[in-house]
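There are 2 protein chains.
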Amino acid sequence: MTLSPTGEGLRRALDGPFHDLKQRWRDEVTADDIVRDTALSVEEAREWTLDRVVRLAHRDLVTAGFPAEVGGTGNVAASVANFEMVAMGDLSLTIKTGVQHGLFGGAITNLGTDYHHRTFLPGAISTELLGCFAMTELGHGSDVQSLETTITWLPDTGEFEVHSPTPSATKAYIGNAARDGRMAAVFGQLIVDGEHQGVHVVLVPIRDEAGADLPGVTTGDHGHKGGLLGIDNGTIRFDHVRVPREMLLDRYGGVDEEGRYHSPIESKNARFFTMLGTLVRGRICVGGGAASAARKALSIAVRYGDRRRQFRSPGLGEEILLLDYLTHQRRLLPHVARAYAYGFAQNELALQLQRVSDGDGDVRDSRELETRAAGMKALLTRWALDSMQEAREACGGAGYMSDNGITMARQDADIFATFEGDNTVLLQLVAKALLLEYKSTWGDMDLRGTAQKTAAMLGQTVLERTTARSVIERLVAVADRKPESERIRARGWHVQLFEFREKHTVEGLAKRMRAAGKLQGAEQQAAIMACQPHMLEAAKAHVDRVVLEAFIEGIEECEDDYIKAILVKVCDLYALSTVEANRAWFLEHEVFDAKRSKSITATVDDLCGELRPKARELAEGLGVPEEWLKHPREAVPPLLP
Amino acid sequence: MTLSPTGEGLRRALDGPFHDLKQRWRDEVTADDIVRDTALSVEEAREWTLDRVVRLAHRDLVTAGFPAEVGGTGNVAASVANFEMVAMGDLSLTIKTGVQHGLFGGAITNLGTDYHHRTFLPGAISTELLGCFAMTELGHGSDVQSLETTITWLPDTGEFEVHSPTPSATKAYIGNAARDGRMAAVFGQLIVDGEHQGVHVVLVPIRDEAGADLPGVTTGDHGHKGGLLGIDNGTIRFDHVRVPREMLLDRYGGVDEEGRYHSPIESKNARFFTMLGTLVRGRICVGGGAASAARKALSIAVRYGDRRRQFRSPGLGEEILLLDYLTHQRRLLPHVARAYAYGFAQNELALQLQRVSDGDGDVRDSRELETRAAGMKALLTRWALDSMQEAREACGGAGYMSDNGITMARQDADIFATFEGDNTVLLQLVAKALLLEYKSTWGDMDLRGTAQKTAAMLGQTVLERTTARSVIERLVAVADRKPESERIRARGWHVQLFEFREKHTVEGLAKRMRAAGKLQGAEQQAAIMACQPHMLEAAKAHVDRVVLEAFIEGIEECEDDYIKAILVKVCDLYALSTVEANRAWFLEHEVFDAKRSKSITATVDDLCGELRPKARELAEGLGVPEEWLKHPREAVPPLLP
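As given, the protein sequences belong to chains A and B, one line each in that order. Using full-length UniProt numbering, the letters of the first sequence map in sequence onto residues 1 to 641. Using full-length UniProt numbering, the letters of the second sequence map in sequence onto residues 1 to 641.
Take these hints with a grain of salt, some might be off.
No distinction is drawn between identical chains; accordingly, a pair holds when it is met within one copy or between any pair of copies.
[What the hints assert, rightly or not] List time: in silico DSS-like cross-link candidates among lysine-lysine, alpha-carbon distance up to 25 Å:
id	residue 1	residue 2
1	K595	K511
2	K453	K511
3	K598	K511
4	K503	K598
5	K439	K268
If you are wondering where the hints come from, they were derived from the structure by calculation, not from laboratory data. Everything numeric in this text was worked out from a predicted model, so none of it was measured.
If we strip away everything but chain A, and leave its shape as in the complex, we get (with noise of 0.2 Å):
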């Protein structure tokens, strides 16, 4: 099975700067290091999933985050891209490493100071101490701040007491709780004196050697679940738990030896938010994830849609491929053009969460990458879970068939919709930075606030373009100069579509939430409640832009002429049929009109015509390596003569 020229420059163009990192993965790692049996029941897959984390974090695969000192690379942007790659083998080995790795490692890492990063990090990059990051309660998920975990300072001893207060306190859902962690990175809220500093994060030793419980804590295991099988979830509570004072992860808030609280920032507010700002690359990693298993799916239903013949036009002899069908290029083909999209537009999000790791602690980068982060994960698992469904429905019974490949990848991405933030409540959050201009804490879901503090007009932030910057100015002004007739594939144009939605989006949104501000009571409740599906829409509006700016970028740095000129045409297909799926609203606006909007769907059907010689192609581009397609077990035959 070897690789199309044309699928290896594909392949190229999409892994961007990540080329060779990725390349590793393809030429090193097997199908039998990464590609689970998914007949395996709940024991059996988290053994596997444990033993291939353990090697894989011993091939310095899954550690490139950590800092130099301790033995990584200091290149977070790297982790991402590794955590994508795993993600195109199994989804639960992915989440392994991303808990023992990027949760409970990135927490000792970025909340921690120098202390913990040498007590703890080695064990925790090796794998020897394995840990959980509890976070989520089962009373609490979305709202961390209303966590009621308690870490009390106990000033006679001189350690803090971890507490569960109430049933609803219960750490629920946390990944390596029911059967493998050793130890828990858990959040509560730090009470020193009687004062409530807020929710802070402490180590806390959670099982013994030999896998027991520890005094006062209590885990328990969620069983079986919708998907991702190798990951032990489960639940832990903690009666009034003793740990020193070390244990504290203090980098921004702790208490000295004589029992004082202390934090380099000082309102409570802004120091809960700079802490899980810090954890951003966790919702950077579960979108890239996502879409990495999404174009595991496709490239198997492009395969599949390439061979699968079905009825015979009467006179005209061979039977029909799949992908030959109009219905069938419409069903997968405008899917891969959002991969890609998605690719370029994952690819430069790293890229921006190295600038501002690398960075001066600029406030205003970091509200931009939290919320543009928030913003991609929200979109990327969604389409990943469209796209997959819509993935395995191509391949008919065949896709149902778990040695196909595609439902168990469904099945785990499943819950990607849900954690490191809803995507509902993500949305509203991307809205909300939106509306203030960066310029509030980012992660507060305070609607009334946004409402109270929306900017009278917004400025520069809506339109203010992420990449590509004179590259796209040209693309405008060619579009411009275009008769009227021309412009339905000329890309200036679709930038000006996208830039509209954007801004008349957000600034409506504005005008409605400064109107419920003026309000009282119940009934600016009311009106800000009415405005939520249009902070849903106009936090779409503002990622479809960025997405497409990020595709011109990726198109732009290819070297390749012929490679290029399938890419425009792959974004020609991502942009028209993102306009296509959003006419309503652009018909609504009179932005155009039903004549133009009816030729809108005419050129995504003439795009998806156009690109169904290249399907295979695409499909290989996508990046995952062929055999890991390939399922391991044989025991039916092959499905296809």
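Following the hints, complete the assembly by docking chain B onto the known chain A.
The following block gives chain B in isolation, referenced to the frame of chain A:
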């Protein structure tokens, strides 16, 4: 957990003519009878499913559809309603009885003669004779006419020889094939004296009492699947297997004792599609079963959203219930409204099946039923998957735990989009039937013939009301007299919108198909292919209208004014959210303007708010017994405080 009076009233209205039958299930069938433990392995799930299907059969709960002389009631509508009730419990169990009683038993009932009924039905009903419905092959699924298995008449011995001439002729995905089946109803090309008589069905024993493959038969096991783990799907290959002449199900064609082929239907094509047509119940059941699973998922999600709180509005005290957020109402309530709409339409469809079954064999009635069944199957299964997904996500992390009850049902329902006809293929058949005014053979995918035969002017078919005719005429007249501003909630206006959309899409399609019919060869092929998405649109518009009419009829038949008033609002939400989803089309065809389009969206928001206080009762009305929602495993603490 008592049912509210409103919930009970809604349930009674939605059950309609099947209330007593469905109530028997709720009164007599326990969770232990019908709710599967989600953690069972493939082997355990198969065992549980077989055990429970045997028990249901012995309690006379799933055998209504068989002829009276062998112990059934001949009430096929009741058999559909029974199927819907099993599907509220567990879909593996549903499909197990569906394969055994509906497909295997149904093939014998409908394609066999008195001999077959007497000889095989008692065992099929009691489950003593477990059977397969061996239609699909590896190479051909949707295109049944191209099956490769041969059934060759051997004049010398007076037997049939069943054979799989190629690997792609292997029967595939067959329920009961991997483990339990002892006999198969095998679809294959009948060859008598060298002449091909088209697809016929023959009964072939496949395993001995002990479960070993009989000589010449090779079964295989598909193993783990994306869901329906309780079904032992497998493959069957035949190597020159001989069966006596009597084993051919010869109601529509067989070989007499002298070895002469005879059939009451002259045309091979008509014969084939007549045989397939008798199996229409399976398609009706699949749509209804998927809808039942969706009702269950929505029942769980609505209850969750009505208890779960998240985020506090500053200064406004208690945390907010999820269902008090407009975004959350928007996620669930239009789906609940659609559950009612499809429920009423499904009742109507089951009654129509009964009428055709009891009728005088009028061909047009049969074709209309087949068209309705195909369209409903496609729309109901699509909606079921979408709404179950939304329900899962609306429950957040709790929704991903198998104990919550949604994920397994969602995974089991996944294949409903494919089996009993791929939805994309079915919708094209619906469009074809509309174009040809039910005059042509049903089920034939010859689109070239359709193009050539499409009527110049479509007559009454398109606008023929299916039910509640006089009521609808009155509603339309009322709407016509209302001032424009008041029409948005006038049912007659909704009807007009739905009818216009259907009429316009079907007529527009007819024009394009007729134009294509005049072309030749590859040009014609391309023109027909370009119509495919238009065919899907026309079919959906048709079914949407039929569903709205059924909802109107259902409301008309409700005798409780209070319940009726709620149903009117639910119907408003169904109608307007459907219009909203298609508003781009209405704008493109200048049916209403931008302002009206926006006001439709605003009215859907309003309706969500108006129905929110009745959300719990509406969920109860969906008719899933509370006891079946409670999962038997309670190893983890309850997920809600």
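Against the structure, the hints:
no.	hint	in the structure
1	K595 to K511	between (31 Å within a copy, 18 Å between copies)
2	K453 to K511	within (12 Å within a copy, 56 Å between copies)
3	K598 to K511	between (32 Å within a copy, 17 Å between copies)
4	K503 to K598	both (24 Å within a copy, 18 Å between copies)
5	K439 to K268	within (17 Å within a copy, 74 Å between copies)
Every hint from the earlier list agrees with this structure, and none is contradicted.
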